[in-house]
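Asks: So for the sequence shown, our numbering puts the first residue at 1; every next one is plus one.
If you're looking for bench data, these hints aren't it; they were derived computationally from the structure.
Keep in mind that this is a model prediction, so the values were computed, not measured.
Note that the Cβ used here is the ideal one computed from N, Cα and C, for glycine as well.
For lysine-lysine, the following DSS-like pairs were computed, each having C-alpha atoms within a straight-line distance of at most 25 angstroms:
1. K396 with K371
2. K107 with K169
3. K371 with K338
4. K169 with K206
5. K338 with K272
So the derived label-pair ranges between C-beta atoms look like this:
6. F596 with Q747: 28 to 34 angstroms
7. F596 with G412: 34 to 40 angstroms
8. G435 with N509: 30 to 36 angstroms
9. K272 with K371: 30 to 36 angstroms
10. Q747 with R662: 42 to 48 angstroms
11. N754 with R615: 25 to 31 angstroms
12. G313 with K272: 21 to 27 angstroms
13. D142 with G270: 34 to 40 angstroms
14. K371 with N159: 51 to 57 angstroms
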Amino acid sequence: MSGRKATSKKVGIYDLIEDGDLAGVQRAVHKDPDLLNAMVSSRNHTPLLWALEVCKNSGAQPAIAQWLVDRGANLNLQTKNGWTALMLACRYDQTDTARLLIKRGAKLDLQADDGLTALMIACACAQPGMAYMLIRRGAKLDLQNNNARTALMFACRLNKPGVAQELIKQGAKLDLQADDGLTALTIACACVQPDTAEMLIGRGVKLNLQENLGWTALMAACRYNQPDTAQILIGLGAKLNMQNSNGWTALLFACRYDQPDTAQALIEDGAKLDLQNNDGWTALMFACRYDQPDTAQALIEGGAKLDLQNNDGWTALMFACRYGQPDTAQMLIERDAKLDLQQTDGWTPLMYACRYGQTDTAQMLVKRDAKLDLQTNDGVTALMFACRRDKPDTAKLLIECGAKLDPQAEDGWTALMYACRYNQPDTAEMLIECGAKLDLQNSSGSTALMIACACTQPDTAQMLLQHDADFDLQNKNGWTALMLACQFDQIDTAQILVERDAKLDLQNNNGWTALMFATRYNQPDMARMIIERGAKLDLQDNHGWTALMLACQPPFAWHHSEEGLLRCIELCFAAGADLDLKNNKERDALWVAKYFHRADAVAFLEFATASEVARVLLGRLRQPRSFVVAFYEEGLLTKRACSVLQDSDLRGMGVTPSLKRRIILNEFSSNADQVSRESLPRCASRRLVRVARRISGLYQYDAFLTHDWGKGGANHEVVRSVNAKLRHADTNTWFDGERLRGDIVQQITHGIENSRKVVVFITERYMHKLETEGNDYCRDEFMTAVRIHTPARMITVVLEPAMLDQSLWRGPLQFSLGGHLYIDFTTPAKHEENFSFLLSRINS
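Construct the complete structure from the given sequences, taking the supplied hints into account.
Replies: If you want it as structure tokens, here you go:
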């Protein structure tokens, strides 16, 4: 109702009223009496109307309104929407002003453009005091607004039974209907006003009037949880079986909306039990669907038809089985409900019981001879549904009662396949022992064995193999069980397959072999087993890739580490893989490793193909490739490093023939005078590796540690403690607290160039420093590390919990390391838990 200011002549009093300036208003009216009834807004507000409109803002406006009334303002002028001063006073609870307006002769029954009167507004806005005053002053009670609503209807909407009672006492018409057909009684029932509804009923209101959609007061009481009102209506003879435009009856509402007492009263009073709404639902269906066992029992005992079907073909028994109502289901079964009706998708009650784990209900159905082998429109049987649930007893019951084991659904799935897919080893065992066919294939060509391998069910897979499942079948994509076992890390299953002479070199439609899956999916133990059984190393897929090339790619995110992939590369090399093979784009394994920044793979392949040590071992000494791998793993990368070798070292590396050991020692002993063996502690093999690498000049430090100092040096202290633990673990680090001397930039560059790995300790401050354009040592360290080592040789350690969410990373940090595996050091407990992993990453 608020309005914009009118012409500038009226602006002054408009603002004075809005500001609550009574004295200013008085001066303005004294100065220009015409302002008293002037229109001061574009919505035709007079000063009086405007004062009442803005009284909701509190302040002095009520006093202004009363002064204007006393001054002789016209009380019955209306705004552009037809509102009067009395209506506004009723709307904004200005009782004193309303009383004054009435006393001074304001018209009570003027109607706004939408037909509202002051009395309707008082009733609609829950102003009982205002409503009483208007009623007692003689306001017309039965005027209707543009929607034919009356004051009584408005009063019935709100929890103010006193107002409705007063209207009724004063003779308001009870059975008038609004344009939508609603009556005061229907509104009271729908708006949960039981006192008002009972008062209307007591005054003899018509009980069975229907609004435009067919609703009656009884339906509304049942829908909106008004049991007392419903009981009264039933007792006074309200019609029980009327249906609204959607076919709903009072009983249907009571059963749908959990009104057991009301439903019982309706049943006892003779309500028809089998009326169906437009969707075909009956009261019994609703009781079964919405867990109303007492109501369902009353309906059944009252003779409700048990086998009616709704528009989707559902029966009451289906609902009881689907929604876990075993007692109700038992009642229906014992009353001879039809057990084998199918809904529109072909489901039966038994299928629902099996699918939703209702073992007791399923048992009752089976004992009553429910058909076991009916199929849904998709071809699924009750046994298949039982195999999807962790309810082996249900499946056992069906099997023992003669359910067919091998029907196939539309997509070709069998009960055994479902048991393999949904981790039901006991059920799978029963099916196998009872003679289920093991080698049926679904529409994708997959067998139960393939599904067990793909879904990581090793026990079931091994059981299938023990019962002679065909392990070399291929699905439509060419996959075999062995390929799936290799991809999904099922080493025990793979071992059985290999021992049973599964074909190792079958290729899928993309040309992949089992070995390719093992090497690509970081399964070195699997790869070793397959290689040792004679798998062909140099088969190429449709793009020309070999198992070795696939291992040169980055690891999948969930494999965390490149270590397994490097081991696969070493295994392929040691077994004789051709390093010179090229894929369809003329790229060999070394090119692939370089392209994907696999520094570990590049280092090994370059050592194996170009190092002097490898040339000596393979050429001059004619040793097997496995020796090259062993020397690489022990860090003996140069002849100078090899000069520290002793006979015990070679024995530890697996060189058992003494003659071979002497030949190797003699070959490398020419460099012995350059290195003092006495200076090298003879301890664990891994320590020998590190010492030998440093002597060889390959690198000076194992790891460069880059970090932000943090507030008060807090981060620096954390990194200092990590550095101390690394040093204690015989890891040679570059840490600024120990190494930084002289020219800082030169020292940083030297440290990074001479470190094998770079460990980046991530905090929010560190990330912000990387984004700065000016000189900052953190940024210098990070960008130098990226340039020299590439992200593949950088290890990310997160120090702050907020930075665990990589979606928050920005700038160079996100660009270079976003998506890479990080190590969680956010708490002292995480330090302890993950330190060994950090150490292994540095030494890998």
